[in-house]
Amino acid sequence: METSAVEKQPETTTEAKEAPSVVRTKRIMVAIDENDSSFYALQWVIDHFSNLLLTTEAVEGGILTVVHVQSPFQHFAAFPAGPGGATAVYASSSMIESVKKAQQEASTALFSRALQMCRPKQIRTETIVLEGDAKEMICEAVDQINVDLLVVGSRGLGKFKRAFLGSVSDYCAHHAHCPILIVKPPKEMTK
Amino acid sequence: MAEEKNKKKQVMVAIDESKCSQHALQWTLEYLKDSIADSAFIIFTAQPPLDLSCVYASPYAAVPGELITSMQEIYKNDALNRLEEGNKICAAVGVTPKKVLENGNPKETICDAVEKLGVDLLVVGSHGKGALQRTFLGSVSNYCVNHAKCPVLVVRTKA
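If you're matching them up, the sequences are chains H and R in order. Going by UniProt numbering, 28 is the number at position 28 of the first sequence; the sequence numbering is gapless. Going by UniProt numbering, 56 is the number at position 56 of the second sequence; the sequence numbering is gapless.
Simulated from the structure, these hints should not be mistaken for lab results. Errors might be hidden in some of the hints.
Stated by the list, open to error - Listed below are the simulated DSS-like cross-link pairs for lysine-lysine, each with C-alpha atoms no more than 27 Å apart in a straight line:
{"no.": "1", "chain 1": "R", "residue 1": "K99", "chain 2": "R", "residue 2": "K9"}
{"no.": "2", "chain 1": "R", "residue 1": "K33", "chain 2": "R", "residue 2": "K88"}
{"no.": "3", "chain 1": "H", "residue 1": "K121", "chain 2": "R", "residue 2": "K8"}
{"no.": "4", "chain 1": "R", "residue 1": "K88", "chain 2": "R", "residue 2": "K129"}
{"no.": "5", "chain 1": "R", "residue 1": "K88", "chain 2": "R", "residue 2": "K107"}
{"no.": "6", "chain 1": "R", "residue 1": "K99", "chain 2": "R", "residue 2": "K129"}
{"no.": "7", "chain 1": "R", "residue 1": "K88", "chain 2": "R", "residue 2": "K76"}
{"no.": "8", "chain 1": "R", "residue 1": "K8", "chain 2": "R", "residue 2": "K98"}
{"no.": "9", "chain 1": "R", "residue 1": "K19", "chain 2": "H", "residue 2": "K26"}
{"no.": "10", "chain 1": "R", "residue 1": "K8", "chain 2": "R", "residue 2": "K116"}
{"no.": "11", "chain 1": "R", "residue 1": "K8", "chain 2": "H", "residue 2": "K26"}
{"no.": "12", "chain 1": "H", "residue 1": "K121", "chain 2": "R", "residue 2": "K9"}
{"no.": "13", "chain 1": "R", "residue 1": "K9", "chain 2": "H", "residue 2": "K26"}
{"no.": "14", "chain 1": "R", "residue 1": "K76", "chain 2": "R", "residue 2": "K98"}
{"no.": "15", "chain 1": "R", "residue 1": "K33", "chain 2": "H", "residue 2": "K121"}
{"no.": "16", "chain 1": "R", "residue 1": "K33", "chain 2": "R", "residue 2": "K19"}
{"no.": "17", "chain 1": "R", "residue 1": "K107", "chain 2": "R", "residue 2": "K19"}
{"no.": "18", "chain 1": "H", "residue 1": "K26", "chain 2": "R", "residue 2": "K33"}
{"no.": "19", "chain 1": "R", "residue 1": "K116", "chain 2": "R", "residue 2": "K98"}
{"no.": "20", "chain 1": "R", "residue 1": "K98", "chain 2": "R", "residue 2": "K9"}
{"no.": "21", "chain 1": "R", "residue 1": "K8", "chain 2": "R", "residue 2": "K33"}
Unchecked claim - Footprint (simulated), chain R over chain H, 3 or more residues, beta carbon under 8 Å:
{"no.": "22", "region": "43–52"}
{"no.": "23", "region": "169–182"}
Beta carbons: idealized from backbone N, C-alpha and C, even for Gly.
Could you put together the complete structure from these sequences and hints?
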């Protein structure tokens, strides 16, 4: 579970100051996945908190961090292939490569979609890819990167509609060490 | 969704006696002051229902009416004091909040108020009177996160 390279936007990026004074760079982190709920959360943040994050000449705006956690690919497990069940194919290195590539492309697609949303509002954005268990990685990232506000959607990859709150969002609400905002889609979106 | 943009945004902070909710209120005012500058700010507290179990221990056969009313008065005054303190904290940064007091269980009243008042953002502390060590998230906050119809912001300190 390593952190991949942090890609920063071409605009000037400054480090978030460590001292807990009032005038420090605000950092809002939004966790996204393929689900629309998380993009709705991102849009909500952009709509409502844009003046917090706006960078003008006078005021140093905050940073919006978009994080995506990839589920780890179990390349050491055997894949049953072919009829009869006797043939088991272990993931070859080329297969691992192609899956990794597919995951990279998926992440890139998500990030470009997110950056498209942020661009009109001139928000300083950075993107992070993490690998591992989504809920733990997000909470770890909060600790390491000194996040001021974590924003999550309410429902993620699981289609378990009876649950009120997705497992990742629920875990983060309980365990993250920073204020957390849970954005629920309006009723029209949940059919 | 288009007509909602014209309506003023409503931000509601739910408070109780705990320090945590006070901290939540202060955090909101400090962190979000630019964003809430053009929205309505509401402070909400719930007056919990009367706990009459202690009253029945009295030696009188019938429950004395004045005792009940005086207990209700005390609860109400506590709630109003909380709202006043919250009001003072807001006034210190120049925000004039609307104060709302509801009777009943905090969990349900908060979520009902969210629907009734059309709140756009609900802010709660992470814990109430319960000890920090025992739970990750207080019961009322947990309930609100699961059931409120609007985005919920849980303010917790960096533990």
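Here is what the structure says about each hint:
Using a Cα cut-off of 27 Å, the hinted pair R/K99 and R/K9 holds, with the two alpha carbons roughly 16 Å apart. For the proposed pair R/K33 and R/K88, the alpha carbon gap of about 16 Å is at most 27 Å, so the pair holds. Among the hinted pairs, H/K121 with R/K8 is consistent with the structure: their alpha-carbon atoms are about 21 Å apart, no more than 27 Å. The suggested pairing of R/K88 with R/K129 holds, with an alpha-carbon distance near 22 Å, which does not exceed 27 Å.
For the proposed pair R/K88 and R/K107, the alpha carbon gap of about 25 Å is at most 27 Å, so the pair holds. With a CA separation close to 22 Å, the supplied pair R/K99 and R/K129 stays within the 27 Å bound. For the proposed pair R/K88 and R/K76, the alpha carbon gap of about 18 Å is at most 27 Å, so the pair holds. For the given pair, R/K8 sits about 14 Å from R/K98 by alpha-carbon distance, which is consistent with the 27 Å threshold.
At roughly 24 Å between alpha-carbon atoms, R/K19 and H/K26 fall within 27 Å of each other, so this suggested pair holds. Between R/K8 and R/K116 the alpha-carbon distance is near 15 Å, which keeps this suggested pair within the 27 Å criterion. At most 27 Å may separate the alpha-carbon atoms for a hinted pair to count; R/K8 and H/K26 meet this at roughly 25 Å. Taking the CA atoms of H/K121 and R/K9, the gap is near 19 Å; set against the 27 Å cutoff, the hint holds.
The hinted pair formed by R/K9 and H/K26 meets the criterion: a straight-line CA distance of about 22 Å does not exceed 27 Å. Proposed proximity of R/K76 and R/K98 is supported: the alpha carbons are some 17 Å apart, at most 27 Å. Between the alpha carbons of R/K33 and H/K121 the distance comes to roughly 19 Å, so the proposed pair stays at or under 27 Å and holds. Taken as a hint, the R/K33 and R/K19 pair is honoured in the structure, with Cα atoms around 21 Å apart against an allowance of 27 Å.
The suggested pairing of R/K107 with R/K19 holds, with an alpha-carbon distance near 18 Å, which does not exceed 27 Å. For the hint pairing H/K26 with R/K33, the CA-to-CA distance comes to about 13 Å; that is within 27 Å, so the pair holds. With a C-alpha separation of about 14 Å, the suggested pair R/K116 and R/K98 falls inside the 27 Å cut-off, and the hint holds. Distance hint between R/K98 and R/K9 is fulfilled; the C-alpha atoms sit about 13 Å from each other, no more than 27 Å.
Restraint check: the Cα-Cα separation between R/K8 and R/K33 comes to about 15 Å, which is no more than 27 Å; the hinted pair holds. With a threshold of 8 Å between beta carbons, the proposed coverage of the region 43–52 of chain H by chain R holds, since 5 of its residues qualify and at least three are required. For the region 169–182 of chain H, the proposed coverage by chain R is satisfied: 11 residues have a C-beta within less than 8 Å of a C-beta in that chain, meeting the threshold of three.
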